[in-house]
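Chemist: Start from the sequences, fold in the hints, and give me the full structure.
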Amino acid sequence: KNQVEQSPQSLIILEGKNCTLQCNYTVSPFSNLRWYKQDTGRGPVSLTIMTFSENTKSNGRYTATLDADTKQSSLHITASQLSDSASYICVVSARQNNNDMRFGAGTRLTVKP
Amino acid sequence: GAGVSQTPSNKVTEKGKYVELRCDPISGHTALYWYRQSLGQGPEFLIYFQGTGAADDSGLPNDRFFAVRPEGSVSTLKIQRTERGDSAVYLCASGQGTTGELFFGEGSRLTVL
Numbered sequence: 001k002n003q004v005e006q007s008p009q010s011l012i013i014l015e016g017k018n019c020t021l022q023c024n025y026t027v028s029p030f031s032n033l034r035w036y037k038q039d040t041g042r043g044p045v046s047l048t049i050m051t052f053s054e055n056t057k058s059n060g061r062y063t064a065t066l067d068a069d070t071k072q073s074s075l076h077i078t079a080s081q082l083s084d085s086a087s088y089i090c091v092v093s094a095r096q097n098n099n100d101m102r103f104g105a106g107t108r109l110t111v112k113p
Numbered sequence: 001g002a003g004v005s006q007t008p009s010n011k012v013t014e015k016g017k018y019v020e021l022r023c024d025p026i027s028g029h030t031a032l033y034w035y036r037q038s039l040g041q042g043p044e045f046l047i048y049f050q051g052t053g054a055a056d057d058s059g060l061p062n063d064r065f066f067a068v069r070p071e072g073s074v075s076t077l078k079i080q081r082t083e084r085g086d087s088a089v090y091l092c093a094s095g096q097g098t099t100g101e102l103f104f105g106e107g108s109r110l111t112v113l
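Chains A and B supply the protein sequences, listed in that same order.
Using my numbering, the first residue of the first sequence is number 1, and each one after it goes up by one.
Using my numbering, the first residue of the second sequence is number 1, and each one after it goes up by one.
Everything labelled a hint here was simulated from the structure, so no lab data went into it.
Only a predicted model underlies this, so the values are computations on that prediction, with no experimental measurement involved.
Check each hint, because a few of them may be wrong.
Listed below are the simulated SDA-like cross-link pairs for lysine to any residue, each with C-alpha atoms no more than 20 Å apart in a straight line [stated by the list, open to error]:
1. A:57 <-> B:101
2. A:57 <-> B:100
3. B:11 <-> A:42
4. B:15 <-> B:85
5. B:11 <-> A:41
Okay, the calculated bits of chain A under chain B, using three or more residues with CB under 8 Å as the criterion [as the list claims (entries may be wrong)]:
6. 38–47
7. 100–106
The beta-carbon is built from N, C-alpha and C at its ideal position, and this holds for glycine as well.
Modeler: What follows is the structure, given as structure tokens:
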């Protein structure tokens with residue numbers, strides 16, 4: 001069983017609408033959680049990195065939240081744009097070393113005009 | 001270069017052939033990672049280099065896979081006797097040290113016929 005589960009698997013929204021993507025993890029111990037955006041045919045690009053003590057972090061229209069007690073994170077996208085269409089991948093690190101990163105399968109977001 | 005560069009971007013080969021995939025990391029980045037990503041899945045860790053040595057190769061699926069980084073910069077992922085199941089996008093990422101931000105390349109899409 002994957003230690004990082006994302007939902008929904010895919011999502012279609014209209015341009016201008018908001019949406020929230022979910023990430024649940026069982027990775028332990030916990031060091032940090034990252035959200036990446038991956039456009040089709042491209043490599044992942046980092047959106048946010050949060051450590052245990054951080055509850056929320058924003059990057060423009062992207063806001064990530066973290067509840068380390070319930071082991072849940074969310075990525076909220078406000079005022080969606082067509083360019084937001086991509087896969088959003090949640091990544092949890094068990095240790096500070098990057099070679100212990102556990103990747104979720106991603107949520108495929110499609111923003112339609 | 002400005003970012004992580006991977007070549008070739010696409011490679012089609014026949015079952016049983018030998019393949020090399022190249023990764024040119026961001027200048028000065030000591031850490032280099034190889035991942036494999038199948039369609040609809042998140043990246044799967046293969047191997048991690050810190051400098052010239054493979055610090056963690058626990059993700060390599062079998063002995064047909066090998067990677068080198070002889071001068072601590074460019075890395076080559078080598079796949080012998082390719083199988084259809086090796087078809088995937090192979091992503092390379094680099095970073096400064098073992099923590100902090102990782103920067104991904106665009107990936108090399110391998111198709112084994």
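Chemist: All the hints need checking, so say for each whether the structure fits it.
Modeler: For each hint, the structure was consulted:
1. A:57 <-> B:101: holds, 15 Å
2. A:57 <-> B:100: holds, 16 Å
3. B:11 <-> A:42: Judged against 20 Å, a Cα distance of about 16 Å means the pair holds.
4. B:15 <-> B:85: holds, 10 Å
5. B:11 <-> A:41: With a Cα-Cα distance of about 14 Å, the restraint between residue 11 (chain B) and residue 41 (chain A) holds, given a limit of 20 Å.
6. 38–47: holds (count 6)
7. 100–106: Result for this restraint: holds, n = 5.
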